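4 protein chains.
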Amino acid sequence: MPTLGLALMGTGRMAHVYGPKINAHPGLRLEVVYNPRIASAQKAADLYCGRAMDDLNVVLSDPKVDAVVIATPTDTHVDYIEMAARAGKPIYCEKPLDQSLDRVERAMAALDAHPVPFMLGFNRRFDPDNAALREAVRRGEIGRINMLMSWSREPSPPPIEYVRTSGGYFVDATIHDIDLLCWIAGERPVEVTATGSCMFDSEIGAEGDFDMTMTTLKMPSGALVHINNSRSCAYGFDQRLEAFGNAGMVQTLNHRDDNLVRWDARRTAAREPLKHFFLERYDQSFYNALDEFHGAIIAGRPPSATAQDGKAALTIALACVQSAKAGVTIKPTYS
Amino acid sequence: MPTLGLALMGTGRMAHVYGPKINAHPGLRLEVVYNPRIASAQKAADLYCGRAMDDLNVVLSDPKVDAVVIATPTDTHVDYIEMAARAGKPIYCEKPLDQSLDRVERAMAALDAHPVPFMLGFNRRFDPDNAALREAVRRGEIGRINMLMSWSREPSPPPIEYVRTSGGYFVDATIHDIDLLCWIAGERPVEVTATGSCMFDSEIGAEGDFDMTMTTLKMPSGALVHINNSRSCAYGFDQRLEAFGNAGMVQTLNHRDDNLVRWDARRTAAREPLKHFFLERYDQSFYNALDEFHGAIIAGRPPSATAQDGKAALTIALACVQSAKAGVTIKPTYS
Amino acid sequence: MPTLGLALMGTGRMAHVYGPKINAHPGLRLEVVYNPRIASAQKAADLYCGRAMDDLNVVLSDPKVDAVVIATPTDTHVDYIEMAARAGKPIYCEKPLDQSLDRVERAMAALDAHPVPFMLGFNRRFDPDNAALREAVRRGEIGRINMLMSWSREPSPPPIEYVRTSGGYFVDATIHDIDLLCWIAGERPVEVTATGSCMFDSEIGAEGDFDMTMTTLKMPSGALVHINNSRSCAYGFDQRLEAFGNAGMVQTLNHRDDNLVRWDARRTAAREPLKHFFLERYDQSFYNALDEFHGAIIAGRPPSATAQDGKAALTIALACVQSAKAGVTIKPTYS
Amino acid sequence: MPTLGLALMGTGRMAHVYGPKINAHPGLRLEVVYNPRIASAQKAADLYCGRAMDDLNVVLSDPKVDAVVIATPTDTHVDYIEMAARAGKPIYCEKPLDQSLDRVERAMAALDAHPVPFMLGFNRRFDPDNAALREAVRRGEIGRINMLMSWSREPSPPPIEYVRTSGGYFVDATIHDIDLLCWIAGERPVEVTATGSCMFDSEIGAEGDFDMTMTTLKMPSGALVHINNSRSCAYGFDQRLEAFGNAGMVQTLNHRDDNLVRWDARRTAAREPLKHFFLERYDQSFYNALDEFHGAIIAGRPPSATAQDGKAALTIALACVQSAKAGVTIKPTYS
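Those sequence lines, one after another, are chains G, D, V and C. Per the numbering used here, the first sequence starts with residue 1, numbered consecutively. Per the numbering used here, the second sequence starts with residue 1001, numbered consecutively. Per the numbering used here, the third sequence starts with residue 2001, numbered consecutively. Per the numbering used here, the fourth sequence starts with residue 3001, numbered consecutively.
Simulated from the structure, these hints should not be mistaken for laboratory data. These figures come from a predicted structure and were not determined experimentally. Check each hint, because a few of them may be wrong.
Stated by the list, open to error - Label-pair distances were calculated between CB atoms; the ranges are: (1) Gly3205/C with Arg138/G: 42 to 50 Å; (2) Gly2295/V with Asp257/G: 50 to 58 Å; (3) Phe277/G with Arg2138/V: 31 to 39 Å; (4) Asp75/G with Thr3306/C: 53 to 61 Å.
Think of the CB as a built atom: it goes at the ideal place given N, C-alpha and C, for glycine as much as any other residue.
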């Protein structure tokens, strides 16, 4: 399998998701770990057998670096995309592109000017169950799509510092469901209506953000979409999809660490709590996303999950924010 | 068990739901079947061993008639309530009270002037599973209520004539989910947002009505509510509830005719299609509703499911209509 | 519906199962309750609106008694069958016919000499789920039957006095599974192998009886049958069937009082404990068995569940006893 | 992680199970592939990046070979164990040790004389679900073990040539369930009773073998065990465990390729067919078994799944053969 040398940019949580998967993938080689603080870069480089670098220009001119994986803080994504595109390096960028549509358009302009292969890390598309549901829908198992539903309930609220810079719950989290459901539906909403509330964590409310939301999308076909988000969930990371069509319905089940069923005097047919959070639940999807990136570059085809998809998802998420604040349905425009 | 003599008003579909249940209940006696067309009254009276009558004044002055069950067309409910209230007869009235808030208020004024026991037939409250879910929530099994969800998907669209006089999908059907969820929540929404579409039956769309809707309610506590309605469903009458709280979740399962699980080369762990429609699925609930009516009158306490509940549910359903048409969130007022 | 006047013989637990069901059945009339102690008869007669009698000859010559339901202690069944048969009364007899094959043959001789309609109360055949499983098998859903399995685990051991006169676990309880599985299979075993153990209640072991057994039957077709019995079960009355064929498998699910699914921090997708015991689980089956008896007599056809079935089941149960004691496979003969 | 150089002996189906797992394990190095036919060895060696060898003495004196993995035909296991033991090499041997107790004892004598670390490939112990069930039982979740049940139904009968040299169904397949259940129970049966039949493949019957068996074991504690085996299964590779105790029950669920639930007009809540066969279902278990072997050797402790376990399982499987043929319960002895 032809091998691709990668520069992993960033040394935070997401970098540590991608590091081991790059090492496990037979077609990928971790060449460089980049962080402007060399000590951080070195620590991660030691872990994943790469070279530590703190100068991005050096990274981008390294002949062994065939492509970059951007896993840095969100507000750096656009700058790094511009630099990598100019250097002609294929780019895998952790989502979201940015929290601002203006800056997203700047990234897209750079990619237009320097058309390198680009993939946005909408990892949930690459989860085997989500992909199998889409396949079942595409095969016509449910007939025409009439309704789509997605639940994403997180085990517990993030630190308030995270919330403050997250762009808000819709932009930070709902955006995942939005992209996934548009990808399954094969269309983007003409109407966006969202409602939010704050019942778990009053600090989040004090920031003007929500910790529970319900979002309704109306598609050009007439299909209706419901997105159910919560920052807290007692029984684990609740991740479900439901696609309802005129010929039937298909759903995805939650994941657990074991497949035992327990019967006792209090409860019967009981299962374990769910996988704890996205790292546990979607572990495989990150590997599969890198595999898609690798396969596309090797085959010379554009990777799925494009910058346009990222812009559209952000547009919809921002419409959610607006709808929830103003109590009106928003008709987004996709230029 | 003290017995109550009933006049069953009406001989349509709902009258034939109540007739056999009155006969099966040890505390109820079917005395009279009323229909202005005496032949229709006689046919039903023969079936359920009552006396046929076509003069409502005679019915309401019959000393063996202790109470009335109104199962006539919706637009007659208010008139009959006024007459029965004036005659001092306890009233069980099939839902909805009326499609117009003005007329609902007229009925309530009559009940204020002549305070007879009154019960509105919100039968889904009396379904054993729905009641068990409410009980579980009340016992604190899920902690505080954060989200409620209700699915009501019907097997196939009603005749277009029915649709035309139904008051629209929200008033005809969503009103059931609305009442049930407010009853479970113990509160009524401060914000109502609804979206509709028409994908199954273009005749329904031509009437300006929807055959699929998604409704979001926001409660005073902050709890969010989703209602999922469809006029068509390939796999039967899909009826589900989900109550999500800070300590857990409780759901109700769909009903089937048998409890077999089937495994073959195409599908494993498969179950039968669902019960066909509301008559099959909610059969027990109509009996239980009559039992509540009987028990309340015998005990001298007001029956649950009041005219106020009916008015509130209609107010909310009308807010759904308005929200779906105008694309804005409505803040209903409950006078 | 033509009505049948019944004499209910006995006033013990099973009589109180049948009493309310006779009253609820539109084609049955409880005429007489018989007990040699008139006070006991009177108490039950008051409850079920019949006449109390303590002289069986009077009962059997009462012109309003069209048939008898024998729900007396097992050791009286044969005598009462002989008397009722001589009197020309159709007989519904609670299982087992008797614990001794000799006495069973005496009953069968009486029925040969006085061929009245006779039905043995193998109620589990009339359980809707068990019947639906047999129907699915008969329709060919699983192809040919290769294996059958039945679980009957009781919530807790009976009083030791009951155990002492029960004929042993195989004759008292396994006999139900035996009849049910032979009825589903449409054939009777050519080989019987059984193993028992006593781990729950040492008093049962002291009587030489078992409180857990596993029984294997081999059918003429080659099909293998497993019966799994336990006198104790922490999570309720565990009743399952599994029919495995060359084209698939069909199973029955356990019953619960509600259809809720519970999710919390300890357990997910959990259901209630099972129905407590046979009275709760098989309530409907007793009504259905009486309905079969009524329908057969009205139609002039022999009721299903014959004396021959009872004799065969007892023959197999006694073979289980012998196999478990001697550690050898027994080849039963059915004369 | 300290690395162990392995000689993989054999190039058949099981060798191709172990090859990729040795390569994937960070603590294992595939040094040599051995086959007396060098061309076969070379082909597999190329695949897994090892050196091909056809002389076992050379293999066993290679200083880079730290241990051997025996994945050759069953009738060679004992000879190769003797040679490897004499050479002082730790041994991982695919099950069964041999089909003959005499030869098994020869292997054990060799291991006594040359006490190298030895592990028998009872891979099902290392399946995460089976291990989780045992852990749950050990933690006391079900109280005391009263009953254990295991289902192993294969998708379709093996070629008749395989059957002929397999030692019969009990020795070839039931032996897996036997080992797994004794390992979970923590004890070995004092009584063995088995029944077999042949309904799927008449060629198997013509060989005097069975294609369906039911086995009952009685444990010293009194616990009863049922093993359910079939050479054919329409819906895939049916693998289930059920552990029933005085405080509850725990079961393992079957595995599928996806986690979708399908609802349509014919079937609801339906899942995919099961994983096809043992290579798909137990893939992870083979990796975990090698990991146990590696961990034990590195830590200097004996690997679990010993030669004694293999001998005991064979003793019990041979008792099954004898019981099924003679129709008597066998009391095995474990010297």
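Q. Which hint numbers doesn't this structure obey?
A. 3
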